[in-house]
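Asker: Each chain, letter by letter, is given below.
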Amino acid sequence: MKGSISMYILGISDLYHDSAAALVCNGEIIAAAQEERFTRVKHDANIPVNAMRYCLRQGGIKASELKAVVYYDQPLLTLDRFLKNSLALGDDAGDLVDHVYNNLFSRKIWLHKQIETAIGGLGEHGKLLVVKHHVSHAASAFYPSPYEKSVVLTIDGVGEWTTTAIGVGDGNILKLYEEIKYPHSIGLMYSAFTYFCGFKVNSGDYKFMGLAPYGKPIYYNIIKEKIIDIRDDGSYCLNLEYFEYHKGRTMINEEKFYELFHSRRRKPESKITQREMDIAASVQKITEEIIILLAHYAKKKYGEGIDNLCLAGGVALNCVANGKLQKSGIFKNIWIQPAAGDSGGALGSALYTYYNYYKMERIVNKADSQKGSLLGPEFSTEDILNYLEEYGYPYHLYTDNKEKTKLVAKLLSQEKIIGILQGRMEFGPRALGNRSILADCRSPYMQSKINLKIKYRESFRPFAPVVLEEKQKEYFDLPCDSPYMLKVGNVQTSRRIPFELEQLLYNTEGDMLKIVSEPRSDIPAVTHVDYSARIQTVDSLRNKELHDILLEYEKLTGCAVLVNTSFNVRGEPIVCTPKDSYECFMRTDIDVLIMENIVLYKEEQPKFLEEQDWREKYALD
Amino acid sequence: MHWTNKSEKENIKRWAGEYFTDKMKKQYLPMPDSVKESYWCKYDGNRDIVDYNFETISEMEKILQEELKEDFYEDLILHIAVAAFKEKEIIQIDENINKNNQTLDSDINNFTIPEFIYTF
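Respectively, the protein sequence lines represent chains A and B. Counting from 1, one number per residue, gives the positions in the first sequence under the working numbering. Counting from 1001, one number per residue, gives the positions in the second sequence under the working numbering.
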C-alpha cells in the first residue's frame, strides 16, 4: 500500500470506554484494534498506545508518513457540556466537578500532546483533527456499509452534547440533521437500569439484555408514565428526578427508584430475582419501541426512496432490538457497524476525515468494506511454534489444512470444547470465529457447562450460534444474513421443543442453572428461553476457515450450527496472542486448543502453574 | 466573579453556584414538557471536524473563546486555561517515559472506568 499516492489516516478513540485505533489508507481499512486486547485490561479506556503502534506496524509506516491523525470526539464541546451541566446544578455541582475534573483537565484536554508523544508525531497535517462524536459513529456505520446512499441513525450514551442523531450518507458525503441532547439518553437510561439490577454500567448492559426474556414487561407502563416521555417521532425526554448521573453520582436516584419499584438496588453477584427479570423485560420493550419509532421517523422525514439504514452507537449493540427492527421492514436493508460502541469511533473518525475533509471519492463494496471485521493482529505458524517450543508445550502440527479442519469437526461432534486462534483478530466486542470457543450446540448441557466451567460467568447467559449462511433459513427465521452477530432471530418453529418458562421458574424457584438445562429445541445450547438466538451467519468470503469447519461438521452430524462464544473468561478481554490463548486454555475446561495448524490437547499438557491466581487478575465484569 | 486562591476545581464550583439561575437549569437540564411537540433539536453541522492544537496559555484561551461564547464564560476562560496547564505536568512526566521506550502501561495508562458510574 505504500507509495506516493497513499493517504494514510490514523483514527483514535480513548478516555471514555474501549480505547481503540484504526488505520485507513485511501479509504480502505488496513487495521483496527481495541487497546484492551493488548493490555489485557477489559474495556481499557487509556490512550491506545499499543493499538496505535500495531496499526502503524500493520500499515508498514511511521507516524511521519501519516497524512493526518484524528480523534473521535471534540474535547472542548465536552468541556462546554460539563461547564453548563455544572452551571445548571449551581451549588449542587460539587460531585460532578470532582468526578469529571481530573480526567478532563489532565487528559482529555491534552490529548493532542498525549497522542503526539505516544506515536512520535501527528503526521503531515501536523495538528490533531477532532471529529464530533456522533459524526464518528455515523461515519463508522455508513462508509464501510454496502450502500451508496443510506439513512444513518446513531444511538449512544452520550458524546459531547448528542445522545441520538439522524443523518443521511450519500456517496462520500455524510451529514447529520437532527439530534436529541444530553442529559436525555436512551443509552444512559438503559445503563441506569442495568445498575439498578446489580450489573456494571456499560459492561453489564449486555447481560441485562440477556436477562430480559426470563421476565414479563410488567413495569413497562409505570416506566413510561414516570421516567421517560416518548413521542410518536421517537424523540424522548427523561424525568431527571429519577437519575443522578448528571450530578456526577451513581446512575439513579435510589429513593425515587425505591418509591417506584418498592425495593432497593440488587447487590452485585447476589441472586437474580423475578423482579430483575421483569425490569429487564420492561426496559428492553421500551428500548425496542423507541428504536422502531426512531426508524419510522427517520424513514418518513429523510428516507424517501432510500431502502437502507446504517446504525452505530452503543445502543446499536442491542441485537434483540436490531432483529426486531429488521423484521419491521421499515428499511429493507440494515447495516450495523460491528464495533458500534466507542471503539468504532476510531474507525469512523478516520473514514470521515478521508471522505469529508479530504473529499476523496468513495467506492462502495457490495459485500461491505469491513473485511469481516477481521482487522487485528495475526500470528504465523512460526510465531506460535516459537512460543510453544520456548515453554516446551506439547503440540501436533498439521501441514494439511483440510486434515486439520476434519479433525476439528470430528472433535466438535464428540462434544469437545475447542478454543481457536486463527487469522486476524476481530475488531469489535464479538468473537467471530478467529478468537472463539466453539462447541456442539446439540447438547442440552453445553450452555451451563461452558458458562460455569469455561467462562465462569452467570448461568442464565445465552450463547450465540454460528451457522452456514446458506443453511441459515433451515434453523432461524431472520430475513437476512447476520455476519457480525448483531441481529437476533428466532429458532424455526419446527425445531422447537415445548418449554414452559413460567412453570419452570416457579418449580425451580428461579434456579437458572436448571432452567437452561431444559432443552428448548434441537439446538438447545444456542436457543434462549424465548426461542431467540443471536445469529452469526458465516460465508466463505468473510471467513473461509470457519465456513470449512462448519461444512465438515455438518457432513458428520447433519447439523450446520455450532456454539460460538468469545475466547476468554469472565472479566478478561478476548485473547489476542498465542500466549493469551494458551493461558485461557489451561485455566479452563477447554479440551483442545487450535492455533492455526497446530493442535494442543489438554491431557497432554504439563501442569500449569501461575504465580498469581488469574481470578484476582480479572475483575468480574 | 471574584476568584480566590483556592484550586481551580473549587473555583469552578463557586462559579457554578454564583451564575446559577432557574433559567439555566431549565435550559441545560430540561424536564419533560407536555407542551412540546417533539424533543428533536436541529443539528448544528458546522465544525464537525476541526483542528485541535495549542501550546501556550494564550493559544488555549483563543480556542476557548471560539468555543465558549456565552457571557457567563467571560471571566472563566483564563482560569480554565490555567487549570489545564497546571494539570499538564502529569503529561510531561509521561513524555519522558515514552522517550525511554518503556512500557506505558503503569504510568500513562492509569485511568480506570468507575464500575458503577458512567464516564462522560
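Certain hints may be false.
Below, computed lysine-lysine pairings styled on DSS-like, alpha-carbon distance capped at 25 Å [stated by the list, open to error]:
id: 1; chain 1: A; residue 1: Lys247; chain 2: B; residue 2: Lys1023
id: 2; chain 1: A; residue 1: Lys113; chain 2: B; residue 2: Lys1036
id: 3; chain 1: B; residue 1: Lys1062; chain 2: A; residue 2: Lys226
id: 4; chain 1: A; residue 1: Lys127; chain 2: B; residue 2: Lys1009
id: 5; chain 1: A; residue 1: Lys127; chain 2: B; residue 2: Lys1062
id: 6; chain 1: B; residue 1: Lys1062; chain 2: A; residue 2: Lys247
id: 7; chain 1: A; residue 1: Lys226; chain 2: B; residue 2: Lys1088
If you want the ones that stay clear, here's a sample from chain B, every Cβ over 10 Å from chain A, calculated [claimed, not checked]:
id: 8; residue: Thr1056
id: 9; residue: Ile1057
id: 10; residue: Ser1058
id: 11; residue: Glu1061
id: 12; residue: Leu1068
id: 13; residue: Glu1074
id: 14; residue: Asp1075
The hints are simulated quantities; they were obtained by calculation from the structure and are not laboratory data. Every residue, glycine too, gets a C-beta built ideally from N, C-alpha and C.
Asker: Need the list of violated hint numbers for this structure, in ascending order.
Answerer: 2, 3, 4, 6, 7, 12
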